[in-house]
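Construct all of the structure, not just a fragment, from the sequences and the given hints.
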Amino acid sequence: RLDMKSSNVQVLVLTPTRELALQVAEAFQRYASRMKGFHVLPIYGGQAYDFQNRMLRRGVHVVVGTPGRVMDHMRKGRLKLGNLDALVLDEADEMLHMGFIDDVEWILEQTPDSRQTALFSATMPQQIRRIAKKYLNDPQEVSIKAKTATADTIRQRFLLVNGSHKLDALTRILEVEEFDAMLIFVRTKIATANLAEKLAARGFAAAALNGDMAQKSREQMIEQLKNGKLDLLVATDVAARGLDVERISHVINYDIPYGTESYIHRIGRTGRAGRSGEAILFVASRERRMLHAIEKATRQKIDPLQLPSMEMVSKKRVADFSQRIVDMLEDGDVSFMKDLLVKFQVENGADPMDIAAALGNLALGERLTLLMPPEPGAEREQRRLESRERRDRDGSSRDSRRDSRERRSDRRGDKRSEKRDEKRSYSRTGSEHAKDETSHSDFSERRSRERPDSDNSASPEMEQYRIEVGSVHDVKPGNIVGAIANESGLDAKFIGHIDIRSDYSVIDLPEGMPREIFDSLKKVWVSGQKLSISRMNPGAPKSGRKKSSSGPGSGRRSHGTPPKPRKKKKHRGQK
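Numbering of the sequence shown is given in our numbering, commencing with residue 3 and proceeding in unit increments.
Be aware that one or more of the hints could be misleading.
[Claimed, not checked] Okay, derived cross-link-like pairs now, DMTMM-like style, lysine to aspartate or glutamate, Cα gap no bigger than 20 Å in a straight line: (1) 218 x 28; (2) 532 x 52; (3) 495 x 182; (4) 524 x 513; (5) 532 x 505; (6) 7 x 87; (7) 524 x 214; (8) 135 x 170; (9) 135 x 92; (10) 525 x 179; (11) 318 x 180; (12) 78 x 107; (13) 82 x 115; (14) 82 x 180; (15) 495 x 465; (16) 78 x 52; (17) 135 x 154; (18) 82 x 107; (19) 136 x 115; (20) 318 x 329; (21) 136 x 105; (22) 317 x 170; (23) 318 x 505.
In case anyone wonders, no lab produced these hints; they're calculated from the structure.
Okay, structure coming up:
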């Protein structure tokens with residue numbers, strides 16, 4: 003029970019991301035709306051210290067924060083936890099995944115043994131169980147078990163579609179599917195804004211939901227979704243957490259999630275409280291392994307979805323337009339317009355059918371024509387992907403030697419396709435990246451390669467970057483990994499070697515970082531310092547360095563010893 007007369011911090015909640023910290027703080031404020039004088043403070047990287055310092059001096063009852071910023075305030079004596087009554091670890095497995103677990107343990111060690119501790123985690127890997135055993139006093143484990151990991155009321159389908167056709171495929175689905183409201187998941191904040199803008203330009207009531215939004219704007223947007231002013235919400239995983247809107251009948255995974263847990267969380271936004279729901283997953287050719295992993299994790303078969311044809315789209319538009327006319331004739335007052343048209347006909351001598359046709363065109367613009375030109379290539383591409391999928395599914399009953407040959411052939415084809423995709427993508431200028439709603443997503447997607455589960459997977463080419471935070475700022479590799487993974491949408495496992503120097507650090511990141519991610523990382527704060535990221539030797543040729551196998555943010559440190567210069571590789575055609 004909170005002591006409202008005390009200004010000491012009594013509850014600390016640790017979250018992996020700033021978006022979740024804001025949501026949890028908002029929930030505390032809502033639950034305590036009748037508690038006069040209650041104060042909760044979210045603290046996270048990327049926000050200026052002044053406001054946080056001022057609030058901590060004034061006194062708050064609850065602090066909700068990310069591990070890195072919480073540690074900063076504790077070390078500088080601004081966040082005192084000597085009177086802490088309760089500590090909550092929210093999404094502990096995600097903090098482990100993002101490299102924060104060392105920071106979490108440090109914070110736990112600085113808190114009173116008398117505290118009550120609660121740990122929430124979608125999964126319980128060994129490291130999380132170790133922390134629970136070490137820091138929780140005689141804990142009680144509560145787990146929710148079901149026959150399937152997803153609700154039986156959700157119908158799950160997947161569509162085989164590669165990146166260049168995803169927007170058109172989504173538009174066709176929106177045209178043909180009967181839905182009330184739809185939640186569309188992408189991987190990054192930039193992708194939410196760009197995709198929502200493109201959908202709005204195609205005539206849909208769409209908006210973006212991401213962590214950059216003020217809480218008031220978020221609430222207004224959700225209210226618009228509830229009352230029908232918005233039909234489509236394009237969101238990131240974190241921004242959509244806790245979202246419960248009865249109108250959401252469909253969830254579309256426009257970008258396939260990195261892990262099965264994320265998929266389960268995503269589609270859980272529909273089919274709630276016994277209501278039926280639809281979940282559609284977009285799967286590229288190189289992501290089929292993740293599709294099978296999702297089926298295994300959910301213990302449910304995901305059925306294929308046939309891409310709606312242009313003929314189906316056209317017929318649906320005609321049917322919708324006809325129904326609107328019927329509804330207006332039955333329920334609307336057309337007397338004023340009728341008198342106006344009679345007068346127009348008399349004055350102009352026009353045929354009534356021509357007048358009606360002209361009004362239809364004015365009312366709908368291009369909505370009755372095909373929104374997209376016919377793209378036989380898209381249909382051919384889907385047929386090719388479906389044919390390969392059938393071969394893969396049926397191949398299990400054939401001779402194992404033949405299976406092996408087919409899998410080797412598929413892998414060679416996938417790698418050639420990936421190289422072509424990367425060459426096309428990274429030859430674009432920064433302005434072209436800004437126009438592509440999946441530029442952030444593709445950066446992460448190409449690096450993750452469906453989160454390969456074998457050690458034989460090729461590592462991405464790496465580039466060296468300098469960031470303006472070092473050992474004098476008490477930074478740890480986990481702080482850097484968490485900040486970059488959170489901001490860029492890049493899986494932490496693809497963040498390479500981190501070399502922490504005195505007042506700066508050198509980090510290896512996958513080659514080909516989009517301009518938007520690079521610019522956003524410049525503004526990120528870690529351990530009280532702006533990263534101000536810059537490329538090392540930007541004019542030099544690529545090093546060809548591969549990611550270290552030692553794991554994300556391996557944190558090998560060399561105190562001021564510069565790396566040995568690498569020999570420049572001769573490329574074909576060079577003398």
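Hint by hint, here is what the structure shows:
Annotation: proposed proximity of residue 218 to residue 28 holds, straight-line Cα distance about 10 Å (limit 20 Å). Between residue 532 and residue 52, the direct Cα distance comes to roughly 15 Å. Compliance with the 20 Å bound is thereby established for this hinted pair. Between residue 495 and residue 182 the CA atoms are separated by roughly 38 Å; this puts the pair beyond 20 Å, and the hint is violated. Straight-line distance between C-alpha atoms of residue 524 and residue 513 comes to about 17 Å, which keeps the hinted pair within the 20 Å bound.
Taken as a hint, the residue 532 and residue 505 pair is honoured in the structure, with Cα atoms around 12 Å apart against an allowance of 20 Å. Simply put, residue 7 and residue 87 have alpha-carbon atoms about 15 Å apart, close enough for the 20 Å limit, and the pair holds. Restraint check for residue 524 and residue 214: the C-alpha separation of about 16 Å stays at or below 20 Å, so the hint holds. In summary, the hint linking residue 135 to residue 170 is not supported, as the alpha carbons are separated by about 50 Å, beyond the 20 Å threshold.
For the hint pairing residue 135 with residue 92, the CA-to-CA distance comes to about 17 Å; that is within 20 Å, so the pair holds. Distance restraint check for residue 525 and residue 179: the Cα-Cα separation of roughly 41 Å exceeds the 20 Å cut-off, and the hinted pair is therefore not satisfied. Between residue 318 and residue 180 the alpha-carbon distance is near 10 Å, which keeps this suggested pair within the 20 Å criterion. At roughly 18 Å between alpha-carbon atoms, residue 78 and residue 107 fall within 20 Å of each other, so this suggested pair holds.
Of the pairs offered as hints, the one joining residue 82 and residue 115 holds, with about 15 Å between alpha carbons and a cut-off of 20 Å not exceeded. Distance check on the hinted pair: residue 82 and residue 180 sit about 54 Å apart at the alpha-carbon level, beyond 20 Å; violated. At most 20 Å may separate the alpha-carbon atoms for a hinted pair to count; residue 495 and residue 465 meet this at roughly 15 Å. Between residue 78 and residue 52 the alpha-carbon distance is near 14 Å, which keeps this suggested pair within the 20 Å criterion.
A distance of roughly 34 Å separates the Cα atoms of residue 135 and residue 154; the hinted pair therefore is violated under the 20 Å criterion. Taken as a hint, the residue 82 and residue 107 pair is honoured in the structure, with Cα atoms around 17 Å apart against an allowance of 20 Å. Straight-line distance between C-alpha atoms of residue 136 and residue 115 comes to about 11 Å, which keeps the hinted pair within the 20 Å bound. Among the hinted pairs, residue 318 with residue 329 is consistent with the structure: their alpha-carbon atoms are about 16 Å apart, no more than 20 Å.
With a C-alpha separation of about 15 Å, the suggested pairing of residue 136 with residue 105 holds against the 20 Å cut-off. Taking the CA atoms of residue 317 and residue 170, the gap is about 17 Å. The hint holds against a cut of 20 Å. At most 20 Å may separate the alpha-carbon atoms for a hinted pair to count; residue 318 and residue 505 exceed this at roughly 62 Å.
Hint compliance for this structure: hints 3, 8, 10, 14, 17 and 23 are broken, all remaining hints hold.
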